[in-house]
Structure formats: C-alpha cells, structure tokens
Amino acid sequence: MTGQSTLQPGQGSSSADRDEVRLPPIRPGGYDPADYAEAVAHAAEEAGVSALLVMTVLHNEAYKPHHPLLERLWQWWKPGASFGLANMHRATFERVRRAHDLPGRWQDLRDDPAFAIHAAALHLKDLDRGLPRRHVRRYSRDELLALGYNTGERNMRAFARGVPPGPMARSYLRRFRAHRNRAAEALATTDHGRPA
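Plus 2 on top of the position in the sequence shown (first one is 1) and you've got my numbering.
Hints in this document: simulated from the structure, not taken from any laboratory. Careful: at least some of the hints might be erroneous.
[Unchecked claim] Below, in silico cross-link-like pairs of lysine to aspartate or glutamate (EDC-like), each with a Cα-Cα straight-line distance of 16 Å or less: (1) K127 x E145; (2) K127 x D34; (3) K127 x D193; (4) K127 x D144; (5) K127 x D103; (6) K127 x E155.
[As the list claims (entries may be wrong)] Ranges of calculated distance between the beta carbons of each label pair, as one might list FRET restraints: (7) S142 x M170: 34 to 42 Å; (8) P105 x R184: 28 to 36 Å; (9) A186 x R140: 17 to 25 Å.
Cβ atoms here follow ideal geometry from the backbone N, Cα and C, with glycine treated the same way.
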C-alpha cells in the first residue's frame, strides 16, 4: 500500500507530481520527512513560502507515526488529535480550507500526505501575512512562523513583540533550530534544491 498514489480525483493540488507521494510506513521508526522533499518543494512553491520552513516544520512534527491506520486509532483514543504529516488540528484546517477553497476534508489529511503538506504550506503563508514586518531580533521570521504553526497566530504576534515563549514553545523552537540542517539536506536532493 505504501507504493500507491494517495490522491483521489478532486483532492489536493492539481500538480501531477503529487501523484507519486506515498503513505508513511506503518512500522515505528520507519517515517522520515526527507521522503517527502519533492512534495514539500512543490507545495512551498505553490503557496509562496520557503521550502526550508515547510520541511523543518515537517521534521518538528515527526514525533508520532503518521500512517493513516495509526492516526485513525489515535483519533479514536483522542478525538481532537491533529492529523497528517504536519499534525494539523481541525480548527486550523477549517480556516485554511475556507481561506483557500480547498476541496478536501480535515480527515483527508491522514490519508493524503501531499494534501497535508499543501495545507501546512498554505497555513504558513497565512501566518506570514499576519506577522508584522518588524519584530524582535532574537528570532528569525521563519522561527516566528514555526512558533505560530505550533502555538497559534496570536502567540506568534506576542513573541514577535518580545513576549517570551513558554517551555513547550521554547522546546519546539530548539527542535526547529536543530532540524534546520537536516531539512536543508533533504531539500538539496530535490530538483528544486539543485542549482540550475
């Protein structure tokens, strides 16, 4: 099943390249965000955001298995859980879906990695629009956007003004910084990461 396309007609992006995106493996420890580098590069380009930002967020969100069967079981145990490779919550997805007229449903995030990555890239674009151009220097723009992805837009704006993040947000930021090089290496293997 992992070798089959995950897109159904009318889902995700119209990009033909998304047809090759595979489901994450079911076995623990078998998931590597680098396997989705091409999908990340395409989604980031379509959304107009940094592929490095999207890939680093994907690395940060790789703390749990993402196979659809495991996510269904997780939802049974915890109905408000986040879904997809990028761990998006329902309320966030619904905002992104309405803002960008996405054809899919929140539940599709668990079954369609390309759609989940596309929704995450669009959400990061929306966060970027809400982030003030001027912000404290202790965080890069990408770091603030990652914090916004993790904690919400209101908290992101507070961090941009200089409000210190709490322990969970600080942990997310440390992991984001630690994953940056791995994310860049993964993207370097894509057509988008190679010099022209």
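List of violated hint numbers, smallest to largest: Violated: hints 2, 3 and 7.
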